[in-house]
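If you read the protein sequences in the order shown, they are chains D, Y and B. FYI, in our numbering the residues of the first sequence are 38 to 315. FYI, in our numbering the residues of the second sequence are 45 to 345. FYI, in our numbering the residues of the third sequence are 30 to 405.
Simulated from the structure, these hints should not be mistaken for laboratory data. For glycine and all other residues, C-beta sits at the position ideal for the given N, C-alpha and C. Each hint can be trusted.
Straight-line alpha carbon distances no greater than 20 Å define the calculated EDC-like cross-link-like pairs of lysine to aspartate or glutamate that follow:
id : chain 1 : residue 1 : chain 2 : residue 2
1  : B       : LYS109    : D       : GLU227
2  : B       : LYS147    : B       : GLU164
3  : B       : LYS109    : D       : GLU229
4  : B       : LYS166    : D       : ASP213
5  : B       : LYS144    : D       : GLU229
6  : B       : LYS319    : B       : GLU256
7  : Y       : LYS157    : Y       : ASP241
8  : Y       : LYS160    : Y       : GLU238
9  : B       : LYS213    : B       : GLU158
10 : D       : LYS98     : Y       : GLU191
11 : D       : LYS98     : Y       : ASP190
Per label pair, the in silico range of CB-to-CB distance:
id : chain 1 : residue 1 : chain 2 : residue 2 : range
12 : D       : VAL153    : Y       : SER94     : 19 to 27 Å
13 : D       : ARG228    : Y       : LEU141    : 46 to 54 Å
14 : Y       : ASP102    : D       : VAL277    : 32 to 40 Å
15 : D       : VAL277    : Y       : ASN206    : 30 to 38 Å
16 : D       : ARG65     : B       : SER339    : 52 to 60 Å
17 : B       : THR106    : Y       : LEU334    : 46 to 54 Å
18 : B       : ALA199    : D       : GLU227    : 24 to 32 Å
19 : D       : ASP103    : Y       : LYS199    : 29 to 37 Å
20 : Y       : LYS160    : D       : VAL277    : 38 to 46 Å
21 : D       : PHE180    : Y       : ILE134    : 33 to 41 Å
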Amino acid sequence: MKTTTLAPAPMPTLSHRASRWFARNLIRIYAALAFIYLFIPVAYTFAFSFNDAGKSNLIWKGFTLDNWKNPCGAPEVCSALGNSLKIGLISTILATILGTMIAFALGRYRFKGRSVINLLIFLPMATPEVVLGASLLAMFLNFRINPGMTTIIIAHVMFCISFVVVTVKARIASLDPRLEQAAMDLYANERETFRYITLPLVMPGIAGAALLSFSLSFDDFIITNFNSGTVATFPKFVYVSAARGIPAQANVIGSSMFFIALFIVVAGQIIGRRRKAR
Amino acid sequence: MAFLHATAHASAPAIDNAAKKRSLTPYFLLLPGMVWLIGFFVLPIATLASTSTMTRPDGAAVGTYVQSLRFQNYLDAFSANKDQFFRSFIYAGIATLLALAIAYPLAYMIAFKAGKMRSFLLVLVVAPFFTSFLLRTIAWTQILGDEGPVVSFLKALPFFSNDIRLTSTPFAVVSGLTYNFLPFMTLPLYASLERIDPRTLEAAGDLYANGLTTFRRVTVPLSMPGVVAGTLLTFIPAAGDYVNAYLLGNPNTRMIGNVIDSRFFAIVDYPTAAALSFTLMAAILILVTLYIRKSGTDELV
Amino acid sequence: MSNPKVSDSRGDLHLNRLTKRFADFIAVDDLSLTVPRGSFFALLGPSGCGKTTTLRMIAGLEEPTQGMISIGDTDITTAKPYRRPVNTVFQNYALFPHLTIFENIAFGLRRRGVKDVKKDVDNVLELVELGHLAERKPNQLSGGQQQRIAVARAIVNKPEVLLLDEPLGALDLKLRRQMQIELKRIQMEVGITFIHVTHDQEEAMTMADTIAVMNQGKIEQMGSPAELYESPKTAFVANFLGQSNLIKGKVNSRSGANASVNIHGIDIEVPITRMASHGDSVLIGVRPEKLNINAKSKNSIGNGTVTDASFVGVSTQYLVKTSWDEELVVFEQNDAGAPDIKVGDTVSLSWEPAHTFALDGNQDLAAGADVDHEAD
Ligand SMILES: Nc1ncnc2c1ncn2[C@@H]1O[C@H](COP(=O)(O)OP(=O)(O)OP(=O)(O)O)[C@@H](O)[C@H]1O
Ligand SMILES: [Mg+2]
Numbered sequence: 038m039k040t041t042t043l044a045p046a047p048m049p050t051l052s053h054r055a056s057r058w059f060a061r062n063l064i065r066i067y068a069a070l071a072f073i074y075l076f077i078p079v080a081y082t083f084a085f086s087f088n089d090a091g092k093s094n095l096i097w098k099g100f101t102l103d104n105w106k107n108p109c110g111a112p113e114v115c116s117a118l119g120n121s122l123k124i125g126l127i128s129t130i131l132a133t134i135l136g137t138m139i140a141f142a143l144g145r146y147r148f149k150g151r152s153v154i155n156l157l158i159f160l161p162m163a164t165p166e167v168v169l170g171a172s173l174l175a176m177f178l179n180f181r182i183n184p185g186m187t188t189i190i191i192a193h194v195m196f197c198i199s200f201v202v203v204t205v206k207a208r209i210a211s212l213d214p215r216l217e218q219a220a221m222d223l224y225a226n227e228r229e230t231f232r233y234i235t236l237p238l239v240m241p242g243i244a245g246a247a248l249l250s251f252s253l254s255f256d257d258f259i260i261t262n263f264n265s266g267t268v269a270t271f272p273k274f275v276y277v278s279a280a281r282g283i284p285a286q287a288n289v290i291g292s293s294m295f296f297i298a299l300f301i302v303v304a305g306q307i308i309g310r311r312r313k314a315r
Numbered sequence: 045m046a047f048l049h050a051t052a053h054a055s056a057p058a059i060d061n062a063a064k065k066r067s068l069t070p071y072f073l074l075l076p077g078m079v080w081l082i083g084f085f086v087l088p089i090a091t092l093a094s095t096s097t098m099t100r101p102d103g104a105a106v107g108t109y110v111q112s113l114r115f116q117n118y119l120d121a122f123s124a125n126k127d128q129f130f131r132s133f134i135y136a137g138i139a140t141l142l143a144l145a146i147a148y149p150l151a152y153m154i155a156f157k158a159g160k161m162r163s164f165l166l167v168l169v170v171a172p173f174f175t176s177f178l179l180r181t182i183a184w185t186q187i188l189g190d191e192g193p194v195v196s197f198l199k200a201l202p203f204f205s206n207d208i209r210l211t212s213t214p215f216a217v218v219s220g221l222t223y224n225f226l227p228f229m230t231l232p233l234y235a236s237l238e239r240i241d242p243r244t245l246e247a248a249g250d251l252y253a254n255g256l257t258t259f260r261r262v263t264v265p266l267s268m269p270g271v272v273a274g275t276l277l278t279f280i281p282a283a284g285d286y287v288n289a290y291l292l293g294n295p296n297t298r299m300i301g302n303v304i305d306s307r308f309f310a311i312v313d314y315p316t317a318a319a320l321s322f323t324l325m326a327a328i329l330i331l332v333t334l335y336i337r338k339s340g341t342d343e344l345v
Numbered sequence: 030m031s032n033p034k035v036s037d038s039r040g041d042l043h044l045n046r047l048t049k050r051f052a053d054f055i056a057v058d059d060l061s062l063t064v065p066r067g068s069f070f071a072l073l074g075p076s077g078c079g080k081t082t083t084l085r086m087i088a089g090l091e092e093p094t095q096g097m098i099s100i101g102d103t104d105i106t107t108a109k110p111y112r113r114p115v116n117t118v119f120q121n122y123a124l125f126p127h128l129t130i131f132e133n134i135a136f137g138l139r140r141r142g143v144k145d146v147k148k149d150v151d152n153v154l155e156l157v158e159l160g161h162l163a164e165r166k167p168n169q170l171s172g173g174q175q176q177r178i179a180v181a182r183a184i185v186n187k188p189e190v191l192l193l194d195e196p197l198g199a200l201d202l203k204l205r206r207q208m209q210i211e212l213k214r215i216q217m218e219v220g221i222t223f224i225h226v227t228h229d230q231e232e233a234m235t236m237a238d239t240i241a242v243m244n245q246g247k248i249e250q251m252g253s254p255a256e257l258y259e260s261p262k263t264a265f266v267a268n269f270l271g272q273s274n275l276i277k278g279k280v281n282s283r284s285g286a287n288a289s290v291n292i293h294g295i296d297i298e299v300p301i302t303r304m305a306s307h308g309d310s311v312l313i314g315v316r317p318e319k320l321n322i323n324a325k326s327k328n329s330i331g332n333g334t335v336t337d338a339s340f341v342g343v344s345t346q347y348l349v350k351t352s353w354d355e356e357l358v359v360f361e362q363n364d365a366g367a368p369d370i371k372v373g374d375t376v377s378l379s380w381e382p383a384h385t386f387a388l389d390g391n392q393d394l395a396a397g398a399d400v401d402h403e404a405d
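Whole structure, please, built from the sequences with the hints as guidance.
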């Protein structure tokens, strides 16, 4: 038998190996840098929530827990937050219901005028916020309606509907129609099919749409600013106080919202994964 | 527009005729939402249109306007603010390209390289939303501010002059826009990349046997709906934004949003504000239509 | 059935002049057939011939453009799917991903208002031998297990008719064979009518009592597997179900039990009972394994040249070019004493008249030969 000897492979040098590793992980490094970029201001906001700053939270003056112990210490911070939460909640519920209904109509039925409806869903998303805000205000002024809580909610529901429709419609479209047919085949009438099959399967999409609505509403400033009158929301409070210095309590609230949201989403995912694995 | 899920239809088999019925139900489902959109979107836009041609009668109180169909308002408003107009589109355009450059690799990595971390990383992309974007923008003003760490560091380096500034510059405004709309770019990109079956990439690797070619010939075309959706979701709000220009810029970086805002609130010149809003909306709609046509993703609307 | 809304019709399934048109495309064309109660019926045909559409009309998921569907004496043509004593095993199983296996199977029982579902579900799980998986979710099952659950979910309702749309298409060959036996066993046990759609001719022949061969929206021929194989009535069936050698011929005379047919100048005999055509122009058919090399059978067509020989284990497959330049396929058993035949050899071909069939001559010789056979 003949034996063949392979020429020994040249040992890669250390720098060679390092550059190979770098090339292979380039995209991960890039993504890590992007995440750092995304989170620098969040970290900064969090750090300055511990600043012993007094009225204007501009320069680091020393560490304190006072802001966290007394998040409502600064005037109006908590009432603004309360308004934002209330507006976010009501707008989310309304927009989710209205948008989901539209999504089902679009995804499950044939009817005349579909393209008009699609256009009407698309346009609010293609219109800049200043225009949405300004036009609503122009109308309210025209009808001598004083802007306030109600007008904010009206505005928020308006711009959230389109996002709900798009999200839920996508979920409905990705649903295998054979599942509903199977249910019908198994003696479920239209109503039961909807209740036991369609709705549970579309639910993650609806939940996602609601979450999206809430964050859009909670974080909206421009449209709100046009239509809020004297009502202060949290973003409006921050914007207004930016000129004369933002109290550190705003940072406390911003950071808490961040952690609460992160907690809810991650917990939701873990529960979802558990349920799947059961 | 199926912004986030532009291609979701592809996966559903085309045998759902029985499921799609003709009846009155869809109209009932559509009614409340459509009433809302007509009442609080279409009607306001119509009001805006009518306001844009109004004039203030001589001697009338501030904020009192009557309809006089003065279309000249548009020309006046535009010629007085064309710098801000062009600036808005240029800033928004640059910010969109930068966001695309940052977000594409990020979305690609999450879609194809993240393994079990996928959904967690996706949460991280959205998470900054919850710290108010105003707080984050203000954080940037402080980080990039004259007393902030970045400027101090740059000053310490020999090749920067001592009066270097980062805030109150076009650079700061564009960075702010890029930063704030990054998640709007990343999510639709991710949604379209995630739908690509890794096996198609393997198949392409088999056929082209070159990573770059596979990327150019297969990945990019397949992710096009996400690119279109992401750029629109970034460009449109960026073009109308005024918060970044206000917080991070100077009087010479004012964008059209700032003008509309101040016309409305500071100057109480509703017709000009309305004319500007309408022009902005029309310009954006024309651009968007051309763009969607050009990119061949009609399916989006 | 405990639910009064579900029709409790019993008896044979009748399709009467059923037509389904999509826009201007006719998917099912004036189709009539009767499936006897309790039989295992296979619907066989090439891709796109309208099998799924037919099933969907029986299930009520597609409305016929014309025609009537009835079970026994009850017309169910326009009944809602949930009012029919018919259940379907979908091609991709369509198990509900958010429900456990138990709840998937219990679904139909619950909808019909059955109070105590536990016993029925457990029984059917036992029947498909998957009792231990009751609490799992569908995505935690293998393909074969999912398939059995899909069957269980349907038969637990004891429907009059069970429709199976290529239920084994997604399985590998070995598992598919196993499932064929399993399905056959289940059908014998529960005794309900199975309509099994497939484009695998072997699957149809091993499982079904009756096969209907479908082509372009029409039934070409219906009968027992042996009947279809031994006496195909059209060139399509002859070629689609196994292989056939088809030779153009002219009838000389029909007298007594046999007809005399002239093929390319040679007279052969065909039993009258095996002639599907009354015309003069016919196609003579012989199955490859019925053709004999260098033997003295009655229908002899003289010498030909071997152009190809391929060894396939139990037999060898030869291509022999005849004097009129048609290539015929011949299977020779590889038993002891099999002649050593090589490419280029000259051989004589013959067969017994009883193994001949004759078809209408105005057909394409190759009809059905080049359509997809999944398990050739
Ligand atoms: N909804 C529809 N609209 C238009 N044409 C359709 C529709 N459904 C089916 N068809 C057409 O009807 C014909 C029959 O389709 P069908 O699904 O019944 O085929 P099949 O015999 O089940 O094929 P396969 O073996 O590939 O599943 C095909 O040509 C198909 O393109
Ligand atoms: Mg089919």
